Amino acid sequence: MAQLRAVQILRSWRLWTKSTFLICDILEAVGLGNRLSRNLSTLYDDTLSAYWPLDSTQISPACIFFPQSAEEVATAVEVLGVSGTDNNDGNLKGCNQSCKFAVRGAGHTANPGANNIRDGVTIDFSELV
Numbered sequence: 000m001a002q003l004r005a006v007q008i009l010r011s012w013r014l015w016t017k018s019t020f021l022i023c024d025i026l027e028a029v030g031l032g033n034r035l036s037r038n039l040s041t042l043y044d045d046t047l048s049a050y051w052p053l054d055s056t057q058i059s060p061a062c063i064f065f066p067q068s069a070e071e072v073a074t075a076v077e078v079l080g081v082s083g084t085d086n087n088d089g090n091l092k093g094c095n096q097s098c099k100f101a102v103r104g105a106g107h108t109a110n111p112g113a114n115n116i117r118d119g120v121t122i123d124f125s126e127l128v
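Letter 33 of the sequence shown, counting from 1, is numbered 32 in numbering that gives the first Met the number 0, and no numbers are missing.
Do not take every clue at face value.
Stated by the list, open to error - Beta-carbon label-pair distances, calculated as ranges:
1. A113 / S48: 10 to 20 Å
2. G104 / Q57: 19 to 29 Å
3. E70 / A109: 26 to 36 Å
4. A109 / N33: 28 to 38 Å
5. D54 / G30: 29 to 39 Å
6. G30 / A109: 28 to 38 Å
Think of the hints as simulated: they come from the structure by calculation, not from any bench. Everything numeric in this text was worked out from a predicted model, so none of it was measured. A virtual CB, placed ideally from N, CA and C, is assigned to each residue, including glycine.
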């Protein structure tokens, strides 16, 4: 359902703009905006400053997504999978550079890009119940 809604939103937006879509705007458009934190917000800054290893604090995602249910995670992953570009033929391609994502759970890893991602979406499970 979320995938269909994302496709409909992408196609309708493409009718009146040629700009690159920000994946965070698409997540907001499918009803996940209240779970997003963007740069220049206190929650965004506080979340990044708490990351380990320290080099992960230097990475700036486009937004941080804080899901509170498995359904919200599923919706976000569906949207991330269809938010690629098309060739002006109406056929959506898979995820490209504009919809990279990383996952931060209870455990931490020192592998670059594993728990935070530059210019993508960091999914932070700290609020998952």
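Query raised in the report: In this structure, is the beta-carbon distance linking E70 and A109 contained in 26 to 36 Å?
Result: holds, 31 Å
Query raised in the report: Within 10 to 20 Å or not, the Cβ separation of A113 and S48?
Result: About 18 Å separates the Cβ atoms of A113 and S48, which means 10 to 20 Å holds.
Query raised in the report: Per the hint of 29 to 39 Å, is the separation of the Cβ atoms of D54 and G30 within bounds?
Result: holds, 33 Å
Query raised in the report: Is the hinted range of 28 to 38 Å satisfied by the C-beta distance from A109 to N33?
Result: holds, 32 Å
Query raised in the report: Do the Cβ positions of G30 and A109 conform to the proposed distance bound of 28 to 38 Å?
Result: holds, 34 Å
**Report entry** Beta-carbon spacing of G104 to Q57 - inside the hinted bounds 19 to 29 Å or not
**Finding:** Cβ of G104 to Cβ of Q57: about 20 Å, so the range 19 to 29 Å holds.
Going down the numbered hints, you'll see the structure goes against none, and every one checks out.
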